[in-house]
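All residue numbers for the sequence shown refer to the working numbering, where the first residue is 4 and numbers rise by one.
Using 20 Å as the maximum straight-line C-alpha spacing, the simulated PhoX-like pairs for lysine-lysine come out as follows: (1) K266 x K200; (2) K289 x K363; (3) K130 x K211; (4) K28 x K78; (5) K130 x K78; (6) K253 x K216; (7) K47 x K351; (8) K253 x K214; (9) K132 x K78; (10) K363 x K322; (11) K344 x K47; (12) K351 x K310.
Hints were generated in silico from the structure; no laboratory data involved.
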Amino acid sequence: MLRKISLAAIAVLAFNALSAQDSTKTLAFSGSVDGYYRYNFAGKTNNYTSFTNSQSSFELGMASLRADATAMSGKVGATVDLGFGRRAEEFSYNDGNDNVGTGSDKNGFLSLAAIKQAYITYAPSSKVKFTAGKFATHVGYELLDAPLNRNYSMSYMFTNGPFFHTGLKADITAGPVAFMIGVTNYTDQTTATTSVKNLIAQFSGGTKNGKLKFYLNYSGFGGSDAGNNPSGLKSLNQIDLVVLGTVSSKFNIGYNGTVQSRKPVSGSSGSWIGNALYLNFDPSAKTGITLRSEIISDSKTIYYGTKSIFANTLSVNCKVGPLTIIPELRFESAQSNIFLKSNGSGTKSTATALVAAVYKF
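Working from the sequences, and respecting the hints, build out all of it.
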């Protein structure tokens, strides 16, 4: 404990010393806490998406604490984003944790699984910024932190795409459009276990009034040595599109489409396709309603074990200051019997109710 206090004191003293030299230096803290209760009407877990793998249980989602520091009028910066709980551990599933659920290793020290993001930025100009470290993926519509999503449960596309990247990327802005390109470790690895490197990219733009925005994303790898990786794939390429449209001050639409192509070292190649539509309606400042409809197509059953999945999730966001209560209903159906009935036999559909509480500070 004394060691941890001493390190914290040294960090504060160092920051104060640097602040005296640079009056533009800033340090901001933010965070959140979320939890939920989930009940599947068949009395089974019946869940194939991230972070809500429970049945008739009150669960802690994640306690999150983030620090953002900048200096030289924002020219350089650093972010440390910590998370504790099942949500953080599932997100950083490759960063082993000897004491599951505690956010620490067997010796009591902070584990890598608790570090959601940790990166340094350098912007040599207003149009170019470099980022090095571990950062959440750019692929997809949904994000790890519960306060950043209107549905509490996650989509199939979020669950089966990349979670994060560790490496170096460059963001370039040119008028109304922007471009990002980077090289990272193999997907979802803080420490590389293979020499295979992943390429990431994004092209984004929109209308001048900001009512229509789009993000075209890419993540993938391939090459002669690509088979030497944990997944046993020779190549994995994902192209993803996110479109955001504002219809009025109370209604907006989100769309996410993705295609993930997979080529194993041995066996047949194939791809799965995902499409999701998000209808967001805010009848008042304290109430928001979101319907997410998602379709997964896997005609060769290369990944999901069924040719199609159709999932609809209706969530209501009830806001009380910084607290948001989210009651949610979810209905799912598949082409095959991938869900379970109460007696344990297979079925093509399932229904789930969930209530979540999310506090942001």
